[in-house]
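Peer 1: Top to bottom, those sequences are chains V and E. At position 365 of the first sequence the residue is numbered 365 (the working numbering), and the sequence of numbers has no breaks. With positions in the second sequence counted from 1, the corresponding number in the working numbering is that position plus 498.
The hints are simulated quantities; they were obtained by calculation from the structure and are not laboratory data. Take every hint as true, because none was put in to throw you off.
List of simulated lysine-lysine pairs, DSS-like, C-alpha gap at most 30 Å:
(1) E/682 <-> V/141
(2) V/442 <-> E/526
(3) V/274 <-> V/231
(4) E/526 <-> V/184
(5) V/28 <-> E/806
(6) V/40 <-> V/79
(7) E/940 <-> E/736
(8) E/639 <-> V/343
(9) V/184 <-> E/519
(10) E/577 <-> V/343
(11) E/639 <-> V/21
(12) V/28 <-> E/772
2 protein chains.
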Amino acid sequence: MLVRNAAGRQVETTFGEVTMKPFSGARKYGFDSKLTTLEKALKHCGLKNGMTVSFHHQLRNGDFVVNQTLAAIKELGVKDIRLAQTALFTVHQPVIEYIKEGVVSRIEGSLNDSVGDYVSKHPLNSPVILRSHGGRWAAVKTGELAVDIAIIAASAADEHGNCTGVVGDSAFGPISYSQVDAMKAAHVIVVTDTIVEYPCQPQEIQERHVDYVAQVDQIGDPKMIVTGSLKITDDAEKLNIARQCVDLMDAAGLIENGMVFQSGAGGISLAAVKYLAERLEEKNVVASCATGGLTKFIIDIYRAGRVKKIYYSQVFDTESIQFIQHDLGLPADIGHYADPTSKGRTADSLDAVVLGATEVDVDFNVNVNTHSDGRLLHGIGGHQDTAAASYLTIITTPIFRKTNPIVRESVTTITTPGAVVDAIVTNRGIAINPLRKDLLKKIAGSIDFVPIETLKDMAYEATGGPASPNLGDDIIGIIKWFDGTVLDIVRRVQEDNI
Amino acid sequence: MLVRNAAGRQVETTFGEVTMKPFSGARKYGFDSKLTTLEKALKHCGLKNGMTVSFHHQLRNGDFVVNQTLAAIKELGVKDIRLAQTALFTVHQPVIEYIKEGVVSRIEGSLNDSVGDYVSKHPLNSPVILRSHGGRWAAVKTGELAVDIAIIAASAADEHGNCTGVVGDSAFGPISYSQVDAMKAAHVIVVTDTIVEYPCQPQEIQERHVDYVAQVDQIGDPKMIVTGSLKITDDAEKLNIARQCVDLMDAAGLIENGMVFQSGAGGISLAAVKYLAERLEEKNVVASCATGGLTKFIIDIYRAGRVKKIYYSQVFDTESIQFIQHDLGLPADIGHYADPTSKGRTADSLDAVVLGATEVDVDFNVNVNTHSDGRLLHGIGGHQDTAAASYLTIITTPIFRKTNPIVRESVTTITTPGAVVDAIVTNRGIAINPLRKDLLKKIAGSIDFVPIETLKDMAYEATGGPASPNLGDDIIGIIKWFDGTVLDIVRRVQEDNI
Numbered sequence: 001m002l003v004r005n006a007a008g009r010q011v012e013t014t015f016g017e018v019t020m021k022p023f024s025g026a027r028k029y030g031f032d033s034k035l036t037t038l039e040k041a042l043k044h045c046g047l048k049n050g051m052t053v054s055f056h057h058q059l060r061n062g063d064f065v066v067n068q069t070l071a072a073i074k075e076l077g078v079k080d081i082r083l084a085q086t087a088l089f090t091v092h093q094p095v096i097e098y099i100k101e102g103v104v105s106r107i108e109g110s111l112n113d114s115v116g117d118y119v120s121k122h123p124l125n126s127p128v129i130l131r132s133h134g135g136r137w138a139a140v141k142t143g144e145l146a147v148d149i150a151i152i153a154a155s156a157a158d159e160h161g162n163c164t165g166v167v168g169d170s171a172f173g174p175i176s177y178s179q180v181d182a183m184k185a186a187h188v189i190v191v192t193d194t195i196v197e198y199p200c201q202p203q204e205i206q207e208r209h210v211d212y213v214a215q216v217d218q219i220g221d222p223k224m225i226v227t228g229s230l231k232i233t234d235d236a237e238k239l240n241i242a243r244q245c246v247d248l249m250d251a252a253g254l255i256e257n258g259m260v261f262q263s264g265a266g267g268i269s270l271a272a273v274k275y276l277a278e279r280l281e282e283k284n285v286v287a288s289c290a291t292g293g294l295t296k297f298i299i300d301i302y303r304a305g306r307v308k309k310i311y312y313s314q315v316f317d318t319e320s321i322q323f324i325q326h327d328l329g330l331p332a333d334i335g336h337y338a339d340p341t342s343k344g345r346t347a348d349s350l351d352a353v354v355l356g357a358t359e360v361d362v363d364f365n366v367n368v369n370t371h372s373d374g375r376l377l378h379g380i381g382g383h384q385d386t387a388a389a390s391y392l393t394i395i396t397t398p399i400f401r402k403t404n405p406i407v408r409e410s411v412t413t414i415t416t417p418g419a420v421v422d423a424i425v426t427n428r429g430i431a432i433n434p435l436r437k438d439l440l441k442k443i444a445g446s447i448d449f450v451p452i453e454t455l456k457d458m459a460y461e462a463t464g465g466p467a468s469p470n471l472g473d474d475i476i477g478i479i480k481w482f483d484g485t486v487l488d489i490v491r492r493v494q495e496d497n498i
Numbered sequence: 499m500l501v502r503n504a505a506g507r508q509v510e511t512t513f514g515e516v517t518m519k520p521f522s523g524a525r526k527y528g529f530d531s532k533l534t535t536l537e538k539a540l541k542h543c544g545l546k547n548g549m550t551v552s553f554h555h556q557l558r559n560g561d562f563v564v565n566q567t568l569a570a571i572k573e574l575g576v577k578d579i580r581l582a583q584t585a586l587f588t589v590h591q592p593v594i595e596y597i598k599e600g601v602v603s604r605i606e607g608s609l610n611d612s613v614g615d616y617v618s619k620h621p622l623n624s625p626v627i628l629r630s631h632g633g634r635w636a637a638v639k640t641g642e643l644a645v646d647i648a649i650i651a652a653s654a655a656d657e658h659g660n661c662t663g664v665v666g667d668s669a670f671g672p673i674s675y676s677q678v679d680a681m682k683a684a685h686v687i688v689v690t691d692t693i694v695e696y697p698c699q700p701q702e703i704q705e706r707h708v709d710y711v712a713q714v715d716q717i718g719d720p721k722m723i724v725t726g727s728l729k730i731t732d733d734a735e736k737l738n739i740a741r742q743c744v745d746l747m748d749a750a751g752l753i754e755n756g757m758v759f760q761s762g763a764g765g766i767s768l769a770a771v772k773y774l775a776e777r778l779e780e781k782n783v784v785a786s787c788a789t790g791g792l793t794k795f796i797i798d799i800y801r802a803g804r805v806k807k808i809y810y811s812q813v814f815d816t817e818s819i820q821f822i823q824h825d826l827g828l829p830a831d832i833g834h835y836a837d838p839t840s841k842g843r844t845a846d847s848l849d850a851v852v853l854g855a856t857e858v859d860v861d862f863n864v865n866v867n868t869h870s871d872g873r874l875l876h877g878i879g880g881h882q883d884t885a886a887a888s889y890l891t892i893i894t895t896p897i898f899r900k901t902n903p904i905v906r907e908s909v910t911t912i913t914t915p916g917a918v919v920d921a922i923v924t925n926r927g928i929a930i931n932p933l934r935k936d937l938l939k940k941i942a943g944s945i946d947f948v949p950i951e952t953l954k955d956m957a958y959e960a961t962g963g964p965a966s967p968n969l970g971d972d973i974i975g976i977i978k979w980f981d982g983t984v985l986d987i988v989r990r991v992q993e994d995n996i
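In isolation and in its complexed conformation, chain V is listed as follows:
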C-alpha cells in the first residue's frame, strides 16, 4: 500500500508478505547525564517488592555496595527482594538483618561465611541456589535467573555509564562478571565513587547498557579489595603438596611449549605456580597462556618470558592492578572464560588446574560448599567450570583437618562430581581417578600413587572416622551443575548441634 510518510514521500509499505511501517519523523538524539543517587536510581528503575537485584563480588571483603544498596532498598520501604549476587563475604553480615526484616527473602548466589552460617540454620522461603561462575552466567543469559535491576560496582565511571574496575582509588581489576547482567537485566545501575571525564577508559561496561550512574562516597575499602602483597605459604606440608602437583603435571607430559595453565590465589595454588615457574625455567619451556586470576607470580613468569599471554578474569594483588593499568592485555569476562552454553570457552584450553576441597570421597567427588557439619559456607566459584574443562584436574587437600577426615566414604555435599576429577594430591599420597586410564599410563613409573581408599583409611584411622552432621529435613540450598541440573541439595543444620 502506498502511503505518504512524515518526510512527505509516497512509499510502499507492503512487500510480499512483509509489512513495514512508514517513516513517522526524525528527532535529534543527545545526551543527558545519568548521574544520580543510589536511592533515586532504584526509584527511577521502578524498584518494587519481589524484584531480583544482582551484584558482582569483585570488591570482595572490601565491598560497601551490597550493604548500601540494601540500606537504600529498606529506606524505600521495599521488601521481599531476591538477591542475585555472584558472592557474599564477611563484610556482608548485615544481610542477615535484612533477611530478618523481610527486605531480602530469597538468594541465588554464593553466601560465604556468616550469611551462609545463618541461612544453614534458618531456611529462607525458597532454598538458596548456588551455581558456578559459568553456570550463573548461563542462567542469566538464558533467563533462568531473570534480573530486574543489575547493580554494577565500578571504580570509575563517566556520566554516560561507561565504566571500569581498572582505575580509581578502589580499583579491583576489570569488571568481568557483570556483562551478562548488563545485557539481560531490565534495568542497570552503575555505582561508583569516582566520576571521570567522558569517555571513561578502559570501559568493560558501556553506556549502551546503563540506565543510571549512582555516585556514592566510597564503593569499598581498597585495603580489603586487593591484597597488598600476596605471600606464598611457608608451611612445609603445603609446599610439598604444591610441588607434587607440578611433578604430576610434568609426568603427564603437560609442561611443554604451548602449555595453558590456571592460576589462583589460594595457598597451595599459589605455591604450585611458583614451582611451575621453576620447572618452566629448568625445562626451558614457554607456556602459551595463563588463565584465571592475575597475581605478581604470574606477572613474574610473564616477564621472565615463560608465558606468552595472560588471559585473566580477576586480579588479586596491587602489583597486578598496576600492571594492567599500564597494559590491559587480555581480560576475559566470565562468559568468555566459562559460559557452558557458548561455542568455546577459554577454560576449555586448560592443560592443568589445581583446586581445593573441604572434602573428597572415594568416588573422587569433591565438596567445596559445605563443611562436614553441613553448614553452607562457601560458593562454587570456578571449581566445576575448570574441573570439567582441564585435561588434568588436581584437587589438593590434607587427608584430615583436626579430628575431621577430609578424604571419606561420601562427601557431605557434592560440588564437583568425580567424573571430572583426575587426581587427589594430599599430605599422605596421591590418588588417581581409575577412570583416567590415559593419565595412569602416562605417569606410571614416575609418580607413586595409592588407591583413594588407602587415603580414606588413613584419615579414618587418624580421626576415628567422620561424625554425622545433625541435619533437619528442610532444604536450605540447591547445588546446581553448570548445565542447570540439580547436582545436590543442602539440608538445614539443627542449631543444637553447633
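Here the structure of chain V is known, so what remains is to put chain E in place on it, guided by the hints.
Peer 2: The following block gives chain E in isolation, referenced to the frame of chain V:
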C-alpha cells in the same frame, strides 16, 4: 519429588512452582580445532537454498572474502542466497554474475558502485533494503534481519576462533561491524589468511561465538584495504568549504574544552579536521574525544595534546593501523557507536559532524544514496546516525556538479530528513535550517548565511535546473530510517536513459 540423580544423590527437583532437572552426568570439555576450508565450513553450517549470509565491509575495495564465499556457495550448488553485507565495493562486481545465475536473489545492505548500477536497472525478487550502520546493527539485534551464516573476515585468528583485524598482513583495524552478527547468527565462520598461536591478541570476536575458522590464501589486497597515506585536497574551493565548517562550529560555541567531534576520510571532512586542529591550537582548546574513523590527522591532534581520547570504529590509513597495533585505545563497535535501540551511543555525544551529499533540497533533506539519474550507487553509512546525534550537523556540497544542480527543490531520494540537518555549507554560501533557532541566534553576526532557496536558485540558474530521471514503476530499493521505518523507496531506472 525426590529422585536419585546421576551422582547417586537423592535430590528434590520441585520447589514450589519451579521444577528442575536432576543432574544427568558430567563430562570433560575440551578443545577441537575449528580450522577448516571455507567450503567445508559452509557445508558444516548446513548451507542451503534461501539462506541469509552476512559480511562486513572493512576490507573495502581490497576484499576477496565476499567473492570467494559466493564462489564456494555456487560450487556447492546452493542458490537463492540473501546477501546481508554491510557494504559492497567495485571489487564485488562478480556479484552481478551471481545474481544472473540465481546464486544471489536478495540483498539487504549497501551496494555501492557497479552492483548498485546493475540492480537499479534489473530489480531483484525483492527490493534491496538499505540501512544506516546503526540501523543495520539494530535490525540484526532485534531479528528483523535474521542471519543464518555470518562470514567474518579477520586479518588474524587462532584455531579456536578468537580473531582480529588489527594484526596480520591484511590488517584493516578492529573488527567493529560483526559483533552483532556473531551473537545473533545461527552459524558463524571466521575467514582468515593468518592463523596465529592461541590466544589471538587482540580479539574483537571471541571463540564463544565461532563455529568454524576457514583458512584462505588471502582475504584481500592490503594496498586496497587501507590507504598508504591519505592526502588532504588542494582544491581551493573544497578547502574553503572545509574552513567555513570550522568557522561555523566556532561561531556556534562548540570549539571549547571537552568538545567531541566526528572525523571521516572524505575529502572535505579530512580538510575540516586539519582546520579544526589549527583552531584548537589557536584557541588553546583540548577536545575530550574524536569519534568515527581514525586517520593520521586525528593521531596528529592526539599527539599534539589537543584531543584526550580517540574513540574509533574504523581505521583508514597505514599510520593509524601502526598506531593501534601499539596501543589499541578505545575502539567502539558499531553498536556502541550507533545502535538506536541501546541506552546510549557514542554518537550521541557529538558536538559537530561534517557530512557529504549527492543532493540536498530546500527542506534540508539530504540524499547520499542515489545520483540524480536515480541510480542507487551509495550506502547510507553513518550518515543518518551521526546527523540525528550531533548537535551541529553540517552538510558540505558544491551547489551544482557539471550540469546537475545539487541544491534543488526536492531530492531524488531522501537518506537523511531535514529535521536533523542543521547547516548546508557550499561553495556559494551557507544555509542554516530555520528550525534551529538556537543555532541561528548563536551564529548571528559572525556567520553570513543565505536562505537555502537562494542556493537552489543559483544552482538552477547555472544549470538550467534539474533533469527528470527516467524511472519505471518497479521498486528496486528501500531506504530505511534507523528506527526501521520506510523513509523512501527507489524505483527502477529505465535502461534507455543511460
